[in-house]
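These protein sequences, in sequence, are chains A and B.
The numbering of the first sequence is the numbering used here, which starts it at 1 and goes up by one.
The numbering of the second sequence is the numbering used here, which starts it at 1 and goes up by one.
Read the hints as simulated data drawn from the structure, not as lab findings.
Bear in mind the structure is a predicted one, so any value in this text is a computation, not a measurement.
Every residue, glycine too, gets a C-beta built ideally from N, C-alpha and C.
None of the hints are false.
Label pairs and their calculated CB-CB ranges:
no. : chain 1 : residue 1 : chain 2 : residue 2 : range
1   : A       : 384       : B       : 404       : 26 to 32 Å
2   : B       : 398       : A       : 453       : 22 to 28 Å
3   : B       : 488       : A       : 41        : 47 to 53 Å
4   : B       : 105       : A       : 453       : 32 to 38 Å
5   : A       : 458       : B       : 243       : 50 to 56 Å
6   : A       : 515       : B       : 105       : 19 to 25 Å
7   : B       : 93        : A       : 443       : 33 to 39 Å
8   : A       : 89        : B       : 105       : 51 to 57 Å
9   : A       : 453       : B       : 91        : 25 to 31 Å
10  : B       : 303       : A       : 468       : 22 to 28 Å
11  : A       : 458       : B       : 105       : 31 to 37 Å
12  : A       : 661       : B       : 303       : 58 to 64 Å
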Amino acid sequence: MERPSLHTSLFGATLRRWPRCCLGAILLLLACLPARATVDFQDQVLPVLQENCLPCHDRHTRTSGFSVESLDSILAGGARHGAAVMPGTPEQSPLIKVLRGEIEPRMPLGRAFAEDRIQLIEQWIGGLAATPRTDSPAEPYWAYVKPAAGPPPEIKDPPLIRNGIDSFILKRLQEEGLSPAPSASRRTLIRRLFFDLLGVPPEPAEAEAFADDPSPNAYEALVDRLLADPRYGERWGRHWLDLARYSDTNGYEGDPEYYHTWRYRDYVIDAFNADKPYDLFVKEQLAGDEFFEMMSAGALPPPDPESVVALTFLRLAPFTEPRGEEDRHVLLSEMTSTVGSVFLGLTVGCAQCHDHKYDLLPTRDFYRLKAFFAAVQIDPPRPGDIQQLGGPQPASFVNPTRKERWDRERAALEQRLQTTEKSFALFYEPLLERLKAFRLEAARDRLASPEPEPPTFKDLKKAIRDDQGYRKFSMEEHRRFTDFRHRVLRLKNAVERRKPLAMSLRNADGPPYGPNVSTTYVLERGHWNRKGEPVEPGFPSAIEGHSRPAPIDLDPFGRYPTRGRRLALAKWIASPENPLTARVMVNRLWHWHFGRGIVDTPSDFGKNGAAPTHPRLLDWLAHELVKQNWSLKAMHRLLVTSGAYRQSSLHSDPDAARIDPQNRYLWRFRRKRLEGEAVRDSILTASGRLNGDRGGPPVFPPLPRGLDDAQKVQGTNTWETMSGPRGRKRSVYIFQRRSLSMPLMETFDAPVPNASCARRETSVSVLQALTMYDGEFVNEEARHFAERVRREGGAGPASRIRQAFRTALGRDPRPEETAQARRLLEESPTGDGLTALCRVLLNSNEFVYID
Amino acid sequence: MKKENLIGNTGLPLGPLSRRDFLCRSCNGIGALALAGMLADELPAGTPAPAGLPLPHSGRKAKHCIFMFMAGGVSHVDSFDYKPALQKLAGQKLPPLSGLSGEIQGYLNKPHRVIPSAFEFKRYGQSGRAISSLFPRIGQCADDLAFVYGIEVENNNHGPATMHVTTGSQFQGSASVGSWVTYGLGSPNRNLPGYMVIQDPRGAPVNGAAVWGSGYLPAAYQGTVLRSSGTPILHLDLPGGVDRAQQRREFDLLHFLNSRHLEERPGASELEARISAYELAYRMQASAPEAVDLSEESAHTRRLYGLDNPVTEGFGRQCLLARRMVERGVRYTLLVHGVEINKHSWDDHTNVEGRMRNHAAEVDLPVAGLLQDLKQRGLLEETLVVWASEMGRTPFLNDLESKTPGRDHNQFALVMWMAGGDVKGGATAGATDEFGVKALEEQIPLRDVHATILNLLGLDDMRLTYLHGGRFRRLTDIGGRVLQEIIA
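Work out the full structure, taking the sequences as your base and the hints as a guide.
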């Protein structure tokens, strides 16, 4: 019988499911109600709706685009059903249908309103017939329209306004009846600024100096100093790496190493430190290899190595071995989705299988965007690349200091590899002889006539592995053999990482050297072999207003026919004319500085994302970014010198928390929880053991006992534990593995880099407490922290306690804190008191939450 | 809402989230509300519990789940999917089959030979289930088991297929089944994490920790690995030189500092949550070692799980620990048998006969022991047990020479069984064709199986959602069909 194909069944299920699926999203929105006998909307209906529905449907959350904020918003309805209410016809109103469960799921979720309440709402809707809705012509969606230009607003009775940002913030605060918090203290500010810009705390002496600096421009000077500090790039590069789903391994089977992605990590750090204009940064990562303009029929110079490294961005997705067209579709689709959400804040990935449920992104537009990547070629695997990753591209080291360093290290490692392989051979050759003898003996026993082939190294490896009872080889031989093998493997890895290569991609050759660029098709339901209409590369129609093919500058001489597609996309994205690019980036900066974006969903500027709390400010900042030649450092300076940023995180106004409990309007600064990387770097800063060495191949800090064993790949432990200073480099340099994260990072919500991450969680868990209190790392550093305090903190307990507080928390202890700490020093078993105090300080809330 | 401090009675997630945040973040809200609802006893007096949310969504008996994952792709035709037709075709080609695609079709296009199962099948129980001689003890439990045959996985290779079975999507980054379940139901045990993972003591499966990752769900919902040796949960042992009294002294100072800090920052729920986390950690350190202490188990029980035999000891220990987790209210326990790409993986490309003997010998007795033990303690009623792998295998091989033939991957013929809770013992869903190549009629997509697992735990896969990356995520994506045929 005919096999019901995957597609039929998929389709069947899909059709069955669709209505519920879409509705769920919408209906969600339309939750909740009660009412009373006379039906006055303002007095009776609205409060009830708000009481029940506001958590998911206020003007900010707007789940599925629906808000119960006002009559207008209710009439306007959600993203799916449009109007929630049909004036005069309650029975047709989606709101009522949802409340009655006529459309699944019934709202409010999991409950049901009493019949009389629903009837009241019906009554209200029935009464609406007399007041027909005035439909205004549909306005284009704000994010698809260029940011409005214009100066910051005028403020009545302005308090201190430090720059344009404050005008916008204060205006909004005044509208809401709120006032800003007072300025934070100098000690608070330096700590805030250090963590924010560098990701580590200030040394006690730095904090003291700043607190005592009489200069009126001390703060501005500090900002400039920190922006020039190379640790800035390590801090802000890490933010970008979250977006880039940066990893040193590929994921899936064997989770093999990429070897060269660290070049991209260093490229990102360098770009931030050098204040590379953001538009150039974008273009390099999308099409750096296509910059060279073809003006004559001369030879095409090889792409700039830096750009080849930058392109690594496009292929950082988890990547299973390529098995034909399906995997290529998966790879290019991921590329398309990630580019859309990272640079444009458009969740284009949602349109891969069906038209976007909320935004004006038809499926066709997804494939038109995907077509920009149609010429991408992943180079075939090299010999020995058993996971068939392929892809390394030549990319020499540009910086002469680094080139010298990596070349020198590689030469030394190659030397060691040779020596080790020689000693290994000396060790195993006798074992091979023995194996040969065993085999001859076995062959004689079986009376087999032809002599068996002499055993190879591979045979020996297998024989040793199978020799579980140590019958052929001694336990010591087993141990040494494995040890040698691991050493050789690690040396080979170390050499490989230092080769002048990038885990990157290039364009296919195209005719006459290779096949033409394959046509991109709209794929039905996103399925790789259900080809629909062919499409040309094109920009999203909602933004462009049309869906004509994008103009692409192809090589006029036809020799490099595949070049130009990605560059066309890159130029369109990195353009001042693009309504999204600058807005999305300034919002990201705002999110990382203020703990929450002006748009709270930094990678989703669509209708299902959060609406901006300060739309005009967002537009103004977007214009500023372009005006400042896309300089991110100029934007940092603007943001952190604003009065809004310098506010205290405490505010005495008792009304504020009632009016704006979520602090959306910034009536105070938002306290921030350090990320896993910053926690680890801060601990190492406190102990004085942070290794400030920058850049280079990934490092492998010691893992908790028992975990390093779980890092085995194909029986080989690939975690090259570095117990010395190399293992204490900053966290951004830690080998980033997709199949296992470091527990400390994990408990502080470091993302597993499988997909772009715009916003980290800040969860609290028991495992976090266990890791911080019992973990080997924290305890080791607590001991060194205590030693440091003994060295630097004078002799008496009081001065040591003060030094410990200053180092960990950037402040002096209060008398009662000193008294309590002293008690611990005295009651702890001899010699351990100071370590105990240091351990406690590292575990304190104040250490990981920054005001 | 005045008090915003939500203390996970999962013993784990102590979100710094206000309930309002929780509701907003999860939007469809069921999971979070569920959690909030179950936390009612943690909310201060005067805060109403979320109004009558029926959670779980429907009344099901199972409150816990033990998911046993056999890594590598168990040969269905040598275990639970009896295909006598293969015997007649031994060494020959298969007749042409329609509707196949991908790698399987590729294998069939080339010379191949049928490899019948080397094992005899016997019928067990009233249901008369045919089970191979490799699993005689599981056979004894046949009437408690419901089988699903002809499950289709979206990819024919281990990495993606394992992701698909364990997280609902073949791509990395989705939330695992256990994460969804604990997100939806919380966990009643306050001193242990709600989602425990007990790995094969010999190593990790393909994809490593991604198999029990929380993906886009908050990190607090990921599985916690219970170690088979040394300290059961990472970092449970006190630091060197610190005893319980010293820890108390230090925690007292910590509490003092944190309380002062909080006093100056009134209403900061995340700070309060973190203070509680340390107290919970203190309690967990006392209670967790007991949870994994097998010394109090009787000799009879130890034998039941095969702890007296080196072959069965490894998985036996995992199974026994799983029962202890269930007894202590842990919501979801994932057991993994098999190690990535080595002889302990069920990936039997060669010598399927010899290797299957080894794998089966390791699990047959412990699995049956667990089922019996749960039953006699009355726990099977409230525990859903799932046995799965990531794919089936081919009943044929392209290698025409090998004297110890194996089997290749087959994404169309995964077999799984379930027991406990509302599972209808002896029932069957789906069937493969007479050769075990693909489904006889319609393939059962994995999302149907996932929908069924959630349903058996009282959760509606359509309503268990999480807003991420611009859309509502579900374990079953577009929704699955609950396999009513295996539900009592």
